[in-house]
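My request is simple: use the sequences and hints to build the entire structure.
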Amino acid sequence: MENKILNITILLSVIIAVIIIYFFVSIIRYHRRYMKLQRERIFAEITIRENERKRIAADLHDSLGPLLSAVKLNISSVEIPHPDDRLVLEKTGKYLDEIIGSMRRISYDLLPATLERQGLVEAIREFVGQVNLKQTINIQLYVVKDIRVPKEKEIHIFRMIQEIVHNTIKHARAKNLQIGLSEEAGHLLFLSKDDGKGFDTEKELGRSSGLGLKSLQSRCEILSGILSLESKPGTGTNYFIKIPVS
Amino acid sequence: MSNIIRLVIADDHEIFRDGLTLMLSKQDAISLVGQAGDGRELIQLVAEKKPDVVMTDIKMPGMDGIAASKLLLQKQPNLKIIALSMFEEENLIVEMLEAGAKGYLLKNADKKEILEAIHTVYEGNIFYCKHTSARLASLIVKSKFDPQKKKMNALFSDREKEIVRLICRQHTAQEIGERLFLSKRTVEGYRTKILEKMEVKNTAGVVVFALKHDMISEEDLQ
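As you go down the protein sequences, you meet chains A and B in turn.
Everything in the first sequence is counted per my numbering, starting at 1 for the first residue and increasing by one.
Everything in the second sequence is counted per my numbering, starting at 247 for the first residue and increasing by one.
It is possible that some hints are incorrect.
What the hints assert, rightly or not - Derived coverage of chain B by chain A (criterion: at least 3 residues anywhere in the stretch with Cβ under 8 Å from a Cβ of chain A; other residues may be distant): (1) 252–264; (2) 343–356.
To be verified - Each computed DSSO-like pair below joins lysine-lysine, with the alpha-carbon atoms no more than 30 Å apart: (3) K134(A) / K376(B); (4) K153(A) / K305(B); (5) K388(B) / K153(A); (6) K94(A) / K390(B); (7) K376(B) / K145(A); (8) K94(A) / K305(B); (9) K91(A) / K272(B); (10) K357(B) / K91(A); (11) K358(B) / K295(B).
The set of hints was computed from the structure by calculation and includes no laboratory data.
Here the structure is a predicted model, which is why all the values come from computation and not from measurement.
Glycine included, each C-beta is placed from N, C-alpha and C at the ideal position.
Here it is, written out as structure tokens:
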């Protein structure tokens, strides 16, 4: 009799244990699947956004640009005897130049043409050159080696570097930023170091909209890369990124 | 006026070609002998019409301006080609110059500049668009594009070199005058002389020349 009770107890315990284990395994599986779907969703979102940007940039460049230039040519073809009237048309021509100038900036922000044509390193060089010209920060870029990156990864890496530079200007208020790029054993290596005010990394990563760090992390995950950053309030910030590119 | 310049234009946007045609139709010294919508058409047209000057867009569907220029210049090394660029696409402009173009223009250039470009290349000189940025100037100097042989630096007096540096930093004649205690008119006189010696037409030409001849460094431009 006692034996029977013992057997039933053991049997019941085993059944309960199996149910609990099955339950946990399901949760873990579900969680993994959820994470995977989440990653895919983010990837799809970012890809859609980049494609959309590309399309708008191309439209600005290929449709509106020539149209405005044609308008300007037409205006300058009109012969006007009265000097005051001529002045009005000259002014209108200047306005058109301004419109074309803003379109160029918008188009560049959407997608730099250099990235499409000349690749990542050239686009970064151009970007750094422009920042140095317009902002008070001094960026030094060291490209150690000729780097080859698959076309579909370039835009993400470019955006990550843009984000880091913008963070450094906007939040770190650094005077100097050094960026190193290299390629080793099929991986792109990115290293940056600034002399800005630094920040509490734990706290910022916890915040939902902190510093655009989330977007950096998402892009890095998409590329199956590693992102690490070192920073403390009062000291500068170092970023290190490693992304497989072969 | 000497001969009438025979011109062909190529651009994939008809509206832009129409604008150019309208503007050029009022010029007695220039005769527009044909229009092409892409590189292939351009090559055919040049073979047919034998123009003196070609003005071509860089980005065109099918064969672009760069590929077309290379082919055209193989057959007719003396053809003068001007590149047209929508925005200042520095790398593309450099590729066009390396392919053998003799000048470039932004598409929002005004009438005066377009005509100046056509006449300049027709006379065998190089035309740099007046909107040339510091970055483009230094890219051009570093590129394989090498139109002028290096001229001796010693041709310029110290005063002229000082003025060249200030012109490259985009100072106006007025500002240069104030700095060097000269009248605006004197500075303009110097400027004209400098442009003549360098055989260039505008500030962009001065910047490229000065960079090439080490009269200024890239840091001077920032």
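For a quick check of understanding: which of the numbered hints are violated here, in increasing order? Hints 6, 7 are the ones this structure does not satisfy, whereas the remaining hints hold.
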